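Peer 1: So the chains spell out like this:
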Amino acid sequence: MQQNEAINTKQFIWLLFTVLTSISFMQLPAIIIFNAGREAWLAVMLAWLLDVLLAVVYAYMGIRFPGENFVQYAKTIFGRYVGSLIGLMFIALFGVTCVVLERGVAQLINIVFLPKTPLGIILISGFVVIAVAAKKGIEVIGRTVELLGPIYLASIILLAILLVPDVRLERLTPQFSTGYTDFLPAAVIMLSFIGICIMMGMLQPICNRPENAFLSKFAAVTLGVGVVQTIIFLSITIFGDKLAANMYAPSLQLTRIVHIGKFIERVEVVWMVITISAGIMSSAILLWAVSVGISQVFGLLSDRPLVYPLAFLTLVLCFFSFDSNVMQSQFTHYTLPVLGIFVESFLEMLLFFAALITGKRGRFRQNNN
Amino acid sequence: MFGLAALGIEGYPLVKKRQWAEFAAVCILVGSGFVIGLGKQFGLFPTPMEILNDLVHPVGKALFR
Numbered sequence: 001m002q003q004n005e006a007i008n009t010k011q012f013i014w015l016l017f018t019v020l021t022s023i024s025f026m027q028l029p030a031i032i033i034f035n036a037g038r039e040a041w042l043a044v045m046l047a048w049l050l051d052v053l054l055a056v057v058y059a060y061m062g063i064r065f066p067g068e069n070f071v072q073y074a075k076t077i078f079g080r081y082v083g084s085l086i087g088l089m090f091i092a093l094f095g096v097t098c099v100v101l102e103r104g105v106a107q108l109i110n111i112v113f114l115p116k117t118p119l120g121i122i123l124i125s126g127f128v129v130i131a132v133a134a135k136k137g138i139e140v141i142g143r144t145v146e147l148l149g150p151i152y153l154a155s156i157i158l159l160a161i162l163l164v165p166d167v168r169l170e171r172l173t174p175q176f177s178t179g180y181t182d183f184l185p186a187a188v189i190m191l192s193f194i195g196i197c198i199m200m201g202m203l204q205p206i207c208n209r210p211e212n213a214f215l216s217k218f219a220a221v222t223l224g225v226g227v228v229q230t231i232i233f234l235s236i237t238i239f240g241d242k243l244a245a246n247m248y249a250p251s252l253q254l255t256r257i258v259h260i261g262k263f264i265e266r267v268e269v270v271w272m273v274i275t276i277s278a279g280i281m282s283s284a285i286l287l288w289a290v291s292v293g294i295s296q297v298f299g300l301l302s303d304r305p306l307v308y309p310l311a312f313l314t315l316v317l318c319f320f321s322f323d324s325n326v327m328q329s330q331f332t333h334y335t336l337p338v339l340g341i342f343v344e345s346f347l348e349m350l351l352f353f354a355a356l357i358t359g360k361r362g363r364f365r366q367n368n369n
Numbered sequence: 370m371f372g373l374a375a376l377g378i379e380g381y382p383l384v385k386k387r388q389w390a391e392f393a394a395v396c397i398l399v400g401s402g403f404v405i406g407l408g409k410q411f412g413l414f415p416t417p418m419e420i421l422n423d424l425v426h427p428v429g430k431a432l433f434r
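Protein chains in written order, with the numbering used here: chain A, 1 to 369; chain B, 370 to 434.
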C-alpha cells in the first residue's frame, strides 16, 4: 500500500524554496543576464508576478480535487489513458530537471574543486546519497530541508552583506538602452525555472494544512526569487553585465571575492558545501516525486521499490545524455525552459479549463493511490 | 553494478511478496537504464534526452538569445 506521509506548512515552504533555489542558483543568473543584460532584474520581477498568478491556479486545483495531485486529477478529468499521458509529462519534467540539476552540480564540483576526479565518480557518489534520501521518503527530506533551508538562506544573506562594499550601482545604468521589450524572453526563462514549484501539486495533498498551499508557495517563491534577484544584482553591479553573462556560475565567482579582513579568505568552500547539500536534497525531492507519480500512473501498490531503479536510470541519463559540459549548459539554456513552460503553464491551464468546462470535481482520497 | 544492485535490493522482496506489477516496473526501469547506457556506449542510438534536445533545442534557440 502507498505510504501515508504528511508534512507541515513550514516543511512545505522549505521544500519548495530548496528546490527552486538549487535549480536557479547556479547557471540561471548568467542565462538571465545573457538574455536581458542590465534589465535582468525586471525579467525576474515579471516572472515572479506570472508565477504567483500560476500558483493561484495550482492552489485552486488542489482545493477542487482535495487529496489529489496533478497526476491523479489529470486522470479524473481526462480519463485513464489521456490523463495518464498528461501525468507522465509532469513526471518526465521532474525527471529531466533532476538529471540536469545533478549533472550541473557534478560539473561544478568537477570544474572547480575536483578537476582530476572523473565526473562519473562524482555522479555515482551523488546519486547514492540522493537515492538513499528519496528512499527514506518525503517526511525525512522535509525534516532535513527544514534544517538546511534556513542555513542556505542565511548563507546567501551573509554573502550579500559581505559583498556590499564591492557594489558599483553605476554598472546598472543605462536601463533600456537596447529597447523596452528585450527582457521578455529572459522573463520566460526565469518563469520556466521557478515554475518547478509546480512541485506544490505533489506536496499539497500530503500537507497537513492544504488550505495554506497558496501562501506557502507565495512565501517560497518570493524567498527564492529574492535570492536569484540578489545574485543577479550583485553580479551585474560587481562584475558588469557583459562579464557576468559569460560566467558558468556567477554566484560561485561572487563567493570567491569575499574576504573578512586579511585572514578569512576562500570562503567558497563553505558556500559550496551548503549549495551541494541543497542540490542533493532537491534531486531527492524530484526523484521522490517521479517515483510517486509513476506508481500512481500505473496503479502500483507502493512507490518505494521504484526509487533505486529510478536513481539508476537518472544516473545513466546524467552520464550518457551530455557529451560535454557545454551540451548540459546548452540544454539548460535552450531546451529546459521550453519544456518547463509547456508542462508548467500550458498543461496545467489545459487541466484547469477542462475541469471548469466539464464541471469535474474530486472526492477526498485518504491515501495516495 | 549499481543497476544490478538496485534490481537485487528491490526485486527480491517484491518476488517474495508476489507483487508482480511492482517487480515488472523495477525490471523495466533497470532494463531501460542498461539499454540506454549500452545503446549510447556502442553508438547504436541516442538517449531519450538527446532526442528531446534535438526536437526542442531549435525552438529554444529561436525564442531566446
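Honestly, I wouldn't trust all of these hints.
Stated by the list, open to error - Heads up, simulated BS3-like pairs for lysine-lysine below, C-alpha to C-alpha not over 25 Å straight-line:
{"hint": "1", "chain 1": "A", "residue 1": "Lys135", "chain 2": "B", "residue 2": "Lys430"}
{"hint": "2", "chain 1": "A", "residue 1": "Lys135", "chain 2": "B", "residue 2": "Lys409"}
{"hint": "3", "chain 1": "B", "residue 1": "Lys430", "chain 2": "A", "residue 2": "Lys136"}
{"hint": "4", "chain 1": "A", "residue 1": "Lys262", "chain 2": "B", "residue 2": "Lys385"}
{"hint": "5", "chain 1": "A", "residue 1": "Lys242", "chain 2": "B", "residue 2": "Lys430"}
{"hint": "6", "chain 1": "A", "residue 1": "Lys10", "chain 2": "A", "residue 2": "Lys116"}
{"hint": "7", "chain 1": "A", "residue 1": "Lys135", "chain 2": "A", "residue 2": "Lys10"}
Quick caveat, the hints were computed from the structure, so don't treat them as lab data. Bear in mind the structure is a predicted one, so any value in this text is a computation, not a measurement.
Peer 1: Does each hint hold? Answer for all of them.
Peer 2: Going through the hints against the structure:
1. A:Lys135 to B:Lys430: 38 Å, violated
2. A:Lys135 to B:Lys409: Distance of about 28 Å is beyond 25 Å: violated.
3. B:Lys430 to A:Lys136: 40 Å, violated
4. A:Lys262 to B:Lys385: 63 Å, violated
5. A:Lys242 to B:Lys430: Holds: A:Lys242 and B:Lys430 sit about 20 Å apart, inside 25 Å.
6. A:Lys10 to A:Lys116: Roughly 40 Å between the alpha carbons, so the hint for A:Lys10 and A:Lys116 is violated.
7. A:Lys135 to A:Lys10: 22 Å, holds
When the structure is compared with the earlier hints, violations turn up for hints 1, 2, 3, 4 and 6 and for no others.
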